[in-house]
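Colleague: Below, each chain spelled out in residue letters.
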Amino acid sequence: MTTVSNGVNVQALLDAREALKDAPEAARFVWRASSTWRNGVHSTTTVKEFFGLGEERSHRSEAVFDADHPEVFAAEDNGITPIEYLLVGLASCLTAGVASVAQNRGIQLRSVEARLEGTHDIRGILGADSDVRNGFDDIKVTFEIDADASRQDIEALVAQSQKRSAVFDALTNPTNVTVEVA
Amino acid sequence: MVIERGEVANSWRRERWDSFRLLTPNWQSRLPGLAYEGPDPDGYMTTKEVTQLIERFAALSGSPVRTGTAVTSVRRDGDGYLVTTGDGEIACRTVVVASGACNVPSVPAFSEAVPPSVRQLTPFDYREPGRLPEGGVLVVGASATGVQLAAELRASGRPVTLSVGEHVRMPRTYRGRDVLWWMDASGVWDQRHDEIEDLERARRLPSPQLVGTPGRTTLDLNALTAMGVELVGRWAGVRDGRALFSGGLRNVFSLADLKMERLLDTFDVWAREHGRDGEVGPPERFAPTRVPESARWQLDLGSGEIRTIVWATGFRPDYHWLDVPVLDGKGRLRHDGGVADSPGLYALGLPMLRRRRSTFINGIEDDAREVIDHLARYLGARH
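Protein sequence lines, in the order shown, are assigned to chains A and B.
Just remember that our numbering sits 3 ahead of the position in the first sequence, which is counted from 1.
Just remember that our numbering sits 1 ahead of the position in the second sequence, which is counted from 1.
Hint data in this document are derived by calculation from the structure and do not stem from the laboratory.
There may be inaccurate statements among the hints.
Unchecked claim - Result set (SDA-like, lysine to any residue): computed pairs, CA atoms no more than 20 Å apart in a straight line:
id	chain 1	residue 1	chain 2	residue 2
1	A	K24	B	R335
2	A	K166	B	E201
3	A	K143	B	S295
So here's chain A without its partners, still in its complex pose (with noise of 0.2 Å):
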């Protein structure tokens, strides 16, 4: 295990489960992000600052994503759907969580790659049809995964990852969400 290094540090992440236990106001976390409207579909969101450990906190730097639509709905295409912006979540945060789990159990990574599919049905944003919903359909995603592990191990690895993703849990359970005007 020992020599296993895919660089993800996973002594701090059990210590951390291990003083968080009995410390839930010093485990909630906000996460923040804010956006300003360029100019048609297009909108730039910036994310920096976060409250997490008890106290206010920022990233090394700030981020910022140009969101807009591709051209086929008339739009400048400035940046990605926002939509996609969930695949970027859903990739990103199950893959971190085959690193992390992989080096709790000893598993050396070599490459993990994910395709991510979801199918969407527009009419429901055009209100072309009540009865489609406005969200993706169906997500599918496939890893591919070399690591020194057999077939079982890994999929073991893919399913832990599910189990902890906090993406996965926001996109397939509800959430409460409040917008309003200031």
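With the hints as your guide, set chain B onto chain A.
Modeller: Structure of chain B alone, referenced to chain A:
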């Protein structure tokens, strides 16, 4: 002195549904000095038979049982405890809490948002399908209780939907032997609380998807699908009168399938290394859990489709009478292998108290011996 709120084997008499049978085969349903000697060692006891077994044990052991005596309070008093009952007070040096882990059915808070037109039952209220209204039933939870009630309700002709979260899949028999024979013989059941990596998780594990039937049939989710039970994801909440189910159903199938395979691998390795391959059948592997073409993730509870909800969502202990500060933030007893953090206070019969077999009838013997050794040393050291 043994204090019992009702009669001997009270919960077996009153808190089980009619068709209930033990998960363990008869030969395993043994108590110290009381082995099964009946004609059907591979069968599974009904509640009546379990009640008789426990009555026989009470007589055989000569235990001074005080029945019909409910404990209303246990508190520290000097260097011992004062136990208050409906029948007076008892001062004692030591107390063993043996009231079990399944005193109250746990039902999620969102059950309050279920429309009143839908009847809600827990396994404590449920007796048999005939007492339910006609029409669809939503069974919540896929442990032994959930799969058994879903199967029985479906067999009664009702449309049944089963909400499935994380679960423990097991075949009833493996390589020709009861799967619990393997748990026993291979030593899996003897894994100790101080050897398990994630004890917290092991103690929360739902009961395995098993049923005790004369035909020793497997009652996994594939069996339920074949009966026409509709599977949906874990019930996450109610919004606008609609039940919302998790879209993560595939993954709970994968987790359970993978865990079952690892368990069967453990059995195979054990059989090979201990030269037991000759006395059992060849290794078997089972089809993965079939994923429904498209699992529903919402259900209109006001549409009349579902007339009854059966909450098979587990149980919790009830310690409202325990006035000793030994509970954790979630109301569970803090203990190390049955030794509570209050001198002279002990527990028995909790999940993984000392080993994986702790909650099975045959699990009490070793646990009790070790806990009582500790208790006797405690008393001895003080005289």
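Colleague: Now tell me if each hint is right for this structure.
Modeller: Against the structure, the hints:
1. With a CA separation close to 15 Å, the supplied pair K24/A and R335/B stays within the 20 Å bound.
2. For the proposed pair K166/A and E201/B, the alpha carbon gap of about 17 Å is at most 20 Å, so the pair holds.
3. For the given pair, K143/A sits about 13 Å from S295/B by alpha-carbon distance, which is consistent with the 20 Å threshold.
Checked against the numbered hints above, the structure violates none of them.
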